[in-house]
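Given these sequences and hints, build the entire structure.
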Amino acid sequence: MVRLYWHFRTLLAWSLAVLAFIAFAVTNPAFLNAGNIYSLLQSFAVLALVATGLALVMIAGEFDLSIAGTIPLAALIAVKVGETAGIPFGVAAAIAIAAAVGVLNGWLTAHYSVPSLAVTVGTLVLTIGLGFAVAGGQIVTLTNFEPGLWLDQAIAEIISPRALIYVVLVVAAGWLMAKTWSGVKIRAVGSDRQRSSASGLPVTRVLILAFVISGLFAGVTGALQGLTLASGAPGSDEATLLQAVTAAIIGGVALTGGKGSIPGVAAGAMLLAVVGNGLSLQGTSTAIIQLINGGILLLIVIIDRPLNSIVNKSVENSMSPPQHRVPIDH
Amino acid sequence: MNTKIAARSTQQKPAAPARPLAEAIKRITADSSAIIAVTTALLFILACIFVNGFATVTNLRALFLSVSLVGIAAVGLSIITIVGRLFALSVSAMVAVSTIVFASLLHTGPWTAMAAAVLFGALAGAVQGFFVGRLGTDPIVTTIAAAAILIGFAQIVTGGRNVQGAGDASVFGQTIFGVIPVQVLAFFVLTVLAWWTHRYTVLGRRVTLVGLNEKAALVSGMRAWPVVLFAFIASGAMAGLAGGLLSSESGQGNLQLGGTFGFDAITAVVVGGVSVKGGTGNPVGAATGAILVGLLGNALVLLGLSYEVQLIFKGVLVLLAVVATGIASNRQSGRKR
Numbered sequence: 626m627v628r629l630y631w632h633f634r635t636l637l638a639w640s641l642a643v644l645a646f647i648a649f650a651v652t653n654p655a656f657l658n659a660g661n662i663y664s665l666l667q668s669f670a671v672l673a674l675v676a677t678g679l680a681l682v683m684i685a686g687e688f689d690l691s692i693a694g695t696i697p698l699a700a701l702i703a704v705k706v707g708e709t710a711g712i713p714f715g716v717a718a719a720i721a722i723a724a725a726v727g728v729l730n731g732w733l734t735a736h737y738s739v740p741s742l743a744v745t746v747g748t749l750v751l752t753i754g755l756g757f758a759v760a761g762g763q764i765v766t767l768t769n770f771e772p773g774l775w776l777d778q779a780i781a782e783i784i785s786p787r788a789l790i791y792v793v794l795v796v797a798a799g800w801l802m803a804k805t806w807s808g809v810k811i812r813a814v815g816s817d818r819q820r821s822s823a824s825g826l827p828v829t830r831v832l833i834l835a836f837v838i839s840g841l842f843a844g845v846t847g848a849l850q851g852l853t854l855a856s857g858a859p860g861s862d863e864a865t866l867l868q869a870v871t872a873a874i875i876g877g878v879a880l881t882g883g884k885g886s887i888p889g890v891a892a893g894a895m896l897l898a899v900v901g902n903g904l905s906l907q908g909t910s911t912a913i914i915q916l917i918n919g920g921i922l923l924l925i926v927i928i929d930r931p932l933n934s935i936v937n938k939s940v941e942n943s944m945s946p947p948q949h950r951v952p953i954d955h
Numbered sequence: 328m329n330t331k332i333a334a335r336s337t338q339q340k341p342a343a344p345a346r347p348l349a350e351a352i353k354r355i356t357a358d359s360s361a362i363i364a365v366t367t368a369l370l371f372i373l374a375c376i377f378v379n380g381f382a383t384v385t386n387l388r389a390l391f392l393s394v395s396l397v398g399i400a401a402v403g404l405s406i407i408t409i410v411g412r413l414f415a416l417s418v419s420a421m422v423a424v425s426t427i428v429f430a431s432l433l434h435t436g437p438w439t440a441m442a443a444a445v446l447f448g449a450l451a452g453a454v455q456g457f458f459v460g461r462l463g464t465d466p467i468v469t470t471i472a473a474a475a476i477l478i479g480f481a482q483i484v485t486g487g488r489n490v491q492g493a494g495d496a497s498v499f500g501q502t503i504f505g506v507i508p509v510q511v512l513a514f515f516v517l518t519v520l521a522w523w524t525h526r527y528t529v530l531g532r533r534v535t536l537v538g539l540n541e542k543a544a545l546v547s548g549m550r551a552w553p554v555v556l557f558a559f560i561a562s563g564a565m566a567g568l569a570g571g572l573l574s575s576e577s578g579q580g581n582l583q584l585g586g587t588f589g590f591d592a593i594t595a596v597v598v599g600g601v602s603v604k605g606g607t608g609n610p611v612g613a614a615t616g617a618i619l620v621g622l623l624g625n626a627l628v629l630l631g632l633s634y635e636v637q638l639i640f641k642g643v644l645v646l647l648a649v650v651a652t653g654i655a656s657n658r659q660s661g662r663k664r
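Protein chains in written order, with the numbering used here: chain A, 626 to 955; chain G, 328 to 664.
Take these hints with a grain of salt, some might be off.
As the list claims (entries may be wrong) - Below, simulated SDA-like cross-link-like pairs (lysine to any residue); rule was C-alpha separation at most 25 Å, straight line:
| no. | chain 1 | residue 1 | chain 2 | residue 2 |
| --- | --- | --- | --- | --- |
| 1 | A | K810 | A | L794 |
| 2 | G | K542 | A | S738 |
| 3 | G | K542 | A | Q819 |
| 4 | G | K542 | A | I927 |
| 5 | G | K542 | A | L636 |
| 6 | A | K810 | A | V796 |
| 7 | G | K542 | G | G463 |
| 8 | G | K542 | G | F557 |
| 9 | G | K542 | A | L932 |
| 10 | G | K542 | A | L880 |
| 11 | G | K542 | A | I928 |
| 12 | G | K542 | A | P740 |
| 13 | G | K542 | A | I935 |
Quick caveat, the hints were computed from the structure, so don't treat them as lab data. Treat the numbers as computed from the prediction; the structure is a model and nothing was measured.
Here it is as structure tokens:
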């Protein structure tokens with residue numbers, strides 16, 4: 626039953642995305658242009674990748690605010706190091722720093738058992754500060770446009786190598802969550818941390834893994850974004866964070882942890898990308914699109930709770946005989 | 328979790344301490360907000376001695392001016408943290424929008440404009456508090472969404488442009504007795520008020536109880552959601568006041584104003600020893616945290632360090648404070664078992 630519901634959530638998210646897609650395709654003929662599909666897939670891929678990283682952390686029962694700082698920082702490092710030491714080194718350095726932020730987040734959260742929200746506020750401020758330090762009060766630009774142009778060229782007119790890389794990473798994360806022990810462990814730690822640690826799961830390592838993946842995905846996003854824009858600016862990218870949270874929650878990731886699937890998150894990202902793209906094609910301002918995103922998010926969190934309790938009740942009713950849980954001694 | 332209240336109340340009245348001094352030291356070191364206060368005082372003295380140009384009247388006034396608005400927002404935010412609802416990530420948005428409210432109503436007089444800004448903040452807080460408290464939504468996601476909606480609306484209404492207030496807001500720019508600016512006075516008065524409410528009123532005790540153990544509160548016949556609603560209203564009103572005062576400095580209002588307030592306020596709350604797990608810490612801690620962060624920033628500037636170093640410093644400070652409170656609370660819960 627529970628499984629059915631969460632499948633249903635993924636299905637619901639996908640059908641909403643498809644519905645929105647059809648609605649825009651019917652009302653606006655320009656929506657189906659190859660150029661527009663290309664830009665739709667571009668924004669979908671970015672969003673799906675960041676949201677997937679965040680979703681892993683959320684399934685593990687934590688939250689990662691620091692991705693808002695990691696994305697611009699990774700872009701800055703990729704551009705700055707890439708300019709002097711070569712593009713591959715720049716990208717590698719950016720991704721390494723992003724992973725290091727993930728390790729720090731995970732280790733502090735797990736080892737000192739403090740709320741990850743507070744920890745990631747700290748690393749968010751830290752990454753913003755590092756960003757300003759890397760930039761040194763100047764606009765950082767890249768003189769070599771080639772890699773950026775290559776990354777954003779259109780394959781079959783609709784998708785770019787950059788979007789493909791992102792999608793491959795999302796699929797890899799989906800495989801990790803669905804088919805491997807690591808995925809099971811992340812879910813277990815998110816559902817009930819005390820029981821997980823009592824049954825001998827390496828909680829600290831699992832949490833670090835989730836945060837590192839989240840940091841890595843944010844780092845890849847930022848680094849490739851930096852290359853394609855050939856410039857970087859310090860600061861924080863809260864708009865992407867907002868969209869990523871929305872996508873994850875639409876996809877059925879629960880804030881309490883333990884629930885959600887990567888296909889669902891991808892559906893959430895697709896829904897947001899379609900709505901954003903369709904509306905901006907009609908000339909809607911970004912302010913209204915942001916407003917709508919906020920509204921969708923609010924709506925989802927309101928309906929999520931009653932839905933959850935209905936499902937949980939029906940689960941309890943269908944379980945017979947009732948299972949008595951054995952209390953664990955601490 | 329359930330033993331938290333019981334353990335606390337037995338801790339509160341130990342049977343006649345044999346060594347009062349040792350007991351007092353133990354009590355102070357267990358109270359993270361006292362540690363923060365002592366650290367702040369020590370840093371202040373050190374800065375007075377070693378940093379050139381720190382201990383001048385103009386610099387100290389500038390320091391407190393820079394701290395007071397963030398401090399007001401932080402004291403408000405700390406109520407949400409104490410009631411166990413983590414943080415509001417909408418503080419920046421509420422401050423920014425209330426600068427616009429203040430500036431666009433300045434032609435009706437500074438006091439009505441200020442009242443409108445505070446009222447706006449309280450209303451925005453009330454809506455979020457209703458969601459979080461009554462509907463039980465997650466505070467982080469709710470306030471992220473609220474921030475997006477607030478900014479979106481304000482962007483549409485103002486067209487993203489700066490709002491120039493038509494009126495005189497110098498009432499809020501004067502200094503009382505020639506030394507204390509109105510903003511600093513407001514900061515101190517609100518801190519004392521919040522401290523008194525938190526310490527000596529039934530409402531304040533309820534806020535702490537809900538933050539410590541919501542189930543225990545429910546069992547003792549107290550619903551949590553009105554308390555949560557109150558926390559969000561109070562916090563929103565203070566964010567509105569901070570926004571109004573910020574706008575009164577220039578008579579302008581726009582969405583760029585107060586952009587750093589959100590994370591600065593969170594930094595102050597965390598550094599001030601208010602536990603993110605709820606229930607422990609007090610508004611004075613948040614105020615002290617704001618002063619500590621401002622003090623460090625000020626001293627670092629006078630020592631010739633740049634903005635980015637300050638930011639990095641701030642980040643490290645938050646991490647240290649989070650880890651320190653984590654260790655402290657782990658030790659406490661370890662003792663209880």
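Restraint check for K542(G) with L932(A), where alpha carbons must lie at most 25 Å apart: 22 Å, holds
Taking only the CA atoms, is the gap from K542(G) to P740(A) under or equal to 25 Å? 20 Å, holds
Verify the proposed pairing of K542(G) with Q819(A), using a straight-line Cα cut of 25 Å. 19 Å, holds
Decide if the proposed pair is consistent with the structure: K542(G) and G463(G), CA atoms, cutoff 25 Å inclusive. With a Cα-Cα distance of about 14 Å, the restraint between K542(G) and G463(G) holds, given a limit of 25 Å.
Hinted pair K542(G) and L880(A), Cα distance within 25 Å: 20 Å, holds
Assess, step by step, whether the Cα of K542(G) is no farther than 25 Å from the Cα of L636(A), and give holds or violated. Given pair K542(G), L636(A) is violated - Cα atoms ~36 Å apart, limit 25 Å.
Straight-line Cα separation of K542(G) and I935(A) no greater than 25 Å? Given that 25 Å is the threshold and the Cα spacing comes to 22 Å, the pair holds.
Given the hint that K810(A) pairs with V796(A), does the C-alpha gap stay at or below 25 Å? It holds: about 19 Å lies between the C-alpha atoms, which stays within 25 Å.
Keeping to a limit of 25 Å between CA atoms, is the pair of K810(A) and L794(A) held or broken? 20 Å, holds
Given the hint that K542(G) pairs with S738(A), does the C-alpha gap stay at or below 25 Å? Holds. K542(G) to S738(A) sits at ~22 Å (cutoff 25 Å).
Is K542(G) within 25 Å of F557(G), Cα to Cα? With Cα atoms ~19 Å apart, K542(G) and F557(G) stay inside 25 Å; holds.
Going straight from one Cα to the other, do K542(G) and I927(A) come out at no more than 25 Å? The hint holds at about 22 Å.
In summary, the structure is inconsistent with hint 5 from the numbered list given earlier, while agreeing with all the others.
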